[in-house]
Amino acid sequence: MRRLLTVIAVAALTVGGLTACSDSESTGGGDPAAGGSGKTTAVKVGVIPIVDVAPIYLGKEKGFYEKHGIGLTLTPAQGGAAIVPGVVSGDFQFGFSNVTSLLVAQSKKVPLKAVANGVASTGEEGADFGGITVKKDSPLRSAADLEGKKVAVNTLKNIGDTSVKASVEKAGGDPSRVEFVELPFDQMPAALDAGQVDAAWVVEPGLATIKAQGGRVIASNYVDVAPDLTVAMYFTSTAYAKQSPEVVKAFQDATRESLAYADSHPDEVRRVITTYTKIPEATLKNVTLPKWPAEPNRSSIDTLAELGRQDGLFTEVPDLDELLP
Amino acid sequence: MTPPPSATRPGAAALGLAGLLGLLLTVEVLPRSGVVSADYLPPTSRIVRALAVELNDRAFWRALGDTLTGWALGLAIAVVAGVVAGVLIGSVPFLRAATASTIEFLRPIPSVALIPLAVLLFGTGLGSTLLLVVYAAFWQVLVQVLYGIQDVDPVTRDTARSYNLGTWARVRHVLWPTALPYVMTGVRLAASVALILAITAELVIGSPGLGSRIAVAQTSQAVPEMYALIMIAGLLGLLINLAARTVERRALFWHQSVRGEAVL
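If you read the protein sequences in the order shown, they are chains W and F. Per full-length UniProt numbering, the very first residue in the first sequence carries number 1; after that it's consecutive. Per full-length UniProt numbering, the very first residue in the second sequence carries number 1; after that it's consecutive.
Source of the hints: derived by calculation from the structure; they are not laboratory data. Ideal Cβ positions, reconstructed from N, Cα and C, are used throughout, including at glycine. Do not rely on the hints blindly, as some may be mistaken.
To be verified - A partial selection of chain F residues facing chain W, derived with a Cβ cut-off under 8 angstroms:
no.	residue
1	P116
2	T200
3	G206
4	V216
5	S220
Stated by the list, open to error - Chain W side only, calculated, beta carbon under 10 angstroms to chain F, not exhaustive:
no.	residue
6	I48
7	P76
8	A77
9	F92
10	S107
11	P111
12	A171
13	G172
14	G173
15	A190
16	P205
17	T209
18	Y276
Produce the entire structure from the sequences given, and follow the hints as far as they go.
What follows is the structure, encoded as structure tokens:
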């Protein structure tokens, strides 16, 4: 998600030419008309190696994708800077991105199409997989106290600051008086501890690390945005969606199955996480798992779009009907 | 430009080793004495334990192989391209004048800024890594070759001309011996830069290799593992620099900058 804006600018300029070339090449990769006839289509998905994508790893292991005729390759990438151009150029067929980034991309006319749900907030105040944290002895008690304070988010002008502002507003504070600074999630525990920032919006496993140091969650910003907020989704390029609707359909079905399975098998989720991350056992035990509903929550996405509009994230209002499945 | 004469003496090697040990000792002591939190900078002993686990992991060796492949291929391409382009541009005054400002414009562009373009063109695999590595290493070689060619003694050049040496003979007997020490410096610099960029590309893009392993350890809050991998990256850099210096000395055994060492 970092540097998404730069990426989009480059992507937007190059898209026309590149999709034109890759269209003719990629037809050799595999016939999408596999249906259920035992033929598999090779599909590459760009994911971020974090807790959120556990269902797709689990679904691959369980053979859900194979069953739908998809030979799945998961490629860990470091965020939207690599995933979005990868999907647009056809190197990846699908990618994982947070909803706000997808909205920003859509408003900039990057040809993307969300196809399946990714991850959702638990909807429980104080027990979500992300939250606004402060260090042990901090005088801050609620989101309203963030006025005039320095708050770390992983990317500015994205889902972090818009949702934190929603929390501040809900608690009766003035969101325009919060000072946001950009910091990678993994550096937040140290920055918080050293007092470089007053509060940090962090997700797992950073959240578990901060809690283990005695830090407190003062607000659950995802919960404050909307009940059962859809945080991230899997997406493809509009070109691929048009060219291979059968593969997209098969991916959607398999992902739905994987999400439902993951949601009801937390122990297997914790195990599969150790196969693609290095989260220490002691931390993993205390990680709050997100929810993985099979379908995105449209009204929560409407709310995110509205928050993004208020914060001036979009030059043009994104077309949700076109973006969402 | 050339290795300091003392580098070959056994006393200097011992000193270098002592410096390294001192660093490891400092990292052991700092977190233990509470100056920094052991959560964020684990003591050396803890890092070494994580390192031992890494060394037993087959995936680690595959990642190391991936990184070295990207480094070696990228460096080879950059050196060949840099030398060929350098000799061509350097020996044709018109080309030199026409490209000077373009080179100075392109050279300072950080490779990292090309990441979105690289991903768009080559996806997240080896191709992207190569683009970044070649871009960064190429200029190191090119600029050194250009300096080298500029350094040709005018008397030698005129002598070659009056003896009616052909183009190839001039390149072989006049240009190349003068430029070689510069080329070697360029290669040595490029070798280090190529490693940095290979690991950076993996770190940022996520193409397979040591860098992406560091990134996974980072996002997983696995701090000792992260430092263990960083230590490997550092050792790799040290080895590459040593190897480059050795190659430089062998290739320039006749040159006064290297011959001088033996006399001392």
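Results of checking the hints against the structure:
At a threshold of 8 angstroms, the smallest CB-CB gap from P116 of chain F to chain W is about 4 angstroms, leaving the interface hint in force. Proximity of T200 of chain F to chain W is violated relative to the hint, the smallest CB-CB distance being about 11 angstroms (cut-off 8 angstroms). Because the closest C-beta pair between G206 of chain F and chain W is about 4 angstroms apart, less than 8 angstroms, the hint holds. Taking 8 angstroms as the C-beta contact cut-off toward chain W, the hint placing V216 of chain F at the interface holds, the least distance being around 5 angstroms.
Taking 8 angstroms as the C-beta contact cut-off toward chain W, the hint placing S220 of chain F at the interface holds, the least distance being around 4 angstroms. Against a cut-off of 10 angstroms between C-beta atoms, the interface hint on I48 of chain W holds, since the closest Cβ of chain F lies about 8 angstroms away. Restraint check, P76 of chain W versus chain F: the minimum CB separation of about 5 angstroms is within 10 angstroms; hint holds. Interface hint at A77 of chain W: satisfied, since its Cβ lies 4 angstroms from the closest Cβ of chain F, which is below the 10 angstroms cut-off.
Hint status for F92 of chain W: holds, given a least beta-carbon distance of 8 angstroms to chain F, under 10 angstroms. Interface restraint check: S107 of chain W against chain F, minimum CB-CB distance 18 angstroms, threshold 10 angstroms, status violated. The criterion of a C-beta within 10 angstroms of any C-beta in chain F is not met by P111 of chain W, whose closest approach is roughly 13 angstroms, and the hint is violated. Below 10 angstroms, beta-carbon pairs count as interface contacts, and A171 of chain W has none with chain F, the closest being about 28 angstroms; its hint is therefore violated.
Hint status for G172 of chain W relative to chain F: violated, with the closest Cβ pair at about 33 angstroms, above 10 angstroms. About 30 angstroms separates the beta-carbon of G173 of chain W from the nearest beta-carbon of chain F, more than 10 angstroms, and the hint is not met. A least Cβ separation of about 5 angstroms between A190 of chain W and chain F falls short of the 10 angstroms threshold, and the interface hint therefore holds. Hint status for P205 of chain W: holds, given a least beta-carbon distance of 5 angstroms to chain F, under 10 angstroms.
Interface restraint check for T209 of chain W: the shortest CB-CB distance to chain F comes to about 5 angstroms, inside 10 angstroms, so the restraint holds. Contact between Y276 of chain W and chain F, as hinted, is supported at the beta carbon level, the nearest pair being about 8 angstroms apart and thus within 10 angstroms.
In the structure shown, a violation is registered for the earlier hints numbered 2, 10, 11, 12, 13 and 14, in ascending order.
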